[in-house]
Amino acid sequence: MPLVNFTTREITCKIVYYGPGRSGKTTNLQYIYGRVPETRRGRMVSLATRTDRTLFFDFLPLELGQISGFTTRFQLYTVPGQVYYNATRKLVLQGADGVVFVADSQARQLDENIESLQNLQENLLEQAVDVRGVPVVLQYNKQDLPSDLILTPDEMDDALNFRDAPSFPADALNGAGVFETLKGVSELVLKKLSEETPT
Amino acid sequence: MKQTRAVEPWMMEPLERFVTEADARLTLIMTPSGQVLAQHGFTRAVDIMAAAALGAAIVSSTREIASAIGENGFRALNHQGVRHGVFLSETDTPRGRLLALVVYGSESSVGLVQLFFEDLARELNEACPQEIPQKAVISANFERELNESLASLFGR
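Going line by line, the protein sequences match chains G and A.
Heads up, the first sequence is in the numbering used here, so the first residue is 1 and it goes up one at a time.
Heads up, the second sequence is in the numbering used here, so the first residue is 1001 and it goes up one at a time.
Worth double-checking, as some hints may not be accurate.
[Said to hold, decoys possible] Cβ-Cβ distance ranges computed for the label pairs, FRET-style: (1) A/E1016 <-> G/T49: 22 to 30 Å; (2) A/E1148 <-> G/E38: 18 to 26 Å; (3) G/G133 <-> A/N1078: 37 to 45 Å; (4) A/G1041 <-> G/P37: 20 to 28 Å; (5) A/A1076 <-> G/L173: 36 to 44 Å.
Simulated from the structure, these hints should not be mistaken for laboratory data.
The C-beta atom is built at its ideal place from N, Cα and C for all residues, glycine as well.
Produce the entire structure from the sequences given, and follow the hints as far as they go.
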């Protein structure tokens, strides 16, 4: 559950970008980092290998602004997508208030997407969290690639989105869909928070 | 900005006492997932969050290593630099496990920090209420404010 400070009227939410290796999780955060004014964001922390593959996580703190009189902050994390980093993925997933699943739209990456989605469910279950209770949105990244290489958003929905979660086509490198995805997960996280507390 | 702040007021007194006695420059108390519950010495909220994310990652990854070699966990971690030392430890309270990240300088020492951390852990455990009553947080019609906040964030 998001951390709520009633004394200083602050809400802090943890959002994790999950998905297979090279699907564009870090690219989402880099785009956000580049677009948001310095006064509204902190330093982007990237624990990466020498070839820029995420080793542990990327982290970007954002000041969203005032919502219902609370200063609202988001902590955006990515997990390492490569299969053998599952131990660190589990650590980053701890306490997530919302998840963005970044799928690679390339047809040849479909199995990796499915495997990663199953891995998300397993890792949540291991922490006694039912995936149905966690706000999740899907992002179908790399929709800018030639159409013969990729699946359409509808095809991606058919293959991955069996829970009918909000889904967003994207080209994270150029920013298309990045904002909409963040907005989508923010809405779900705050909606859940508004439902969990007495009004 | 006040030097010492806490999400829940019961943490203030033990933290202020610890900072004074251990002569700590910066201190964070957080949940295992890196959410900050109390802090001393940081000025920007976004800097606090980065430090907490990294501290929680160190503690949780070290715990996994401990488990892999058949240890229950390590009591504390300390990294000693030329000008600063970083001390990380955890403690259990009735509300769950808390992590602490302490940065100290030449006016203090790892021994002093460790000694007073034990007091801090005990005092937090004693002061911790069993349950915090739920209060209303955000109203159901938050969408307009969220949209405006995100639009201004992205310069739209």
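Going down the list of hints, with the structure as the test:
Distance hint check for A/E1016 and G/T49: the Cβ-Cβ separation is about 41 Å, which falls outside the suggested range of 22 to 30 Å. About 20 Å separates the C-beta atoms of A/E1148 and G/E38, a value consistent with the hinted range of 18 to 26 Å. At roughly 38 Å, the beta-carbon separation of G/G133 and A/N1078 lies within the given 37 to 45 Å, and the hint holds. A C-beta distance of roughly 25 Å is found between A/G1041 and G/P37, which places it inside the suggested range of 20 to 28 Å.
The beta-carbon spacing between A/A1076 and G/L173, approximately 43 Å, falls within the hinted interval of 36 to 44 Å.
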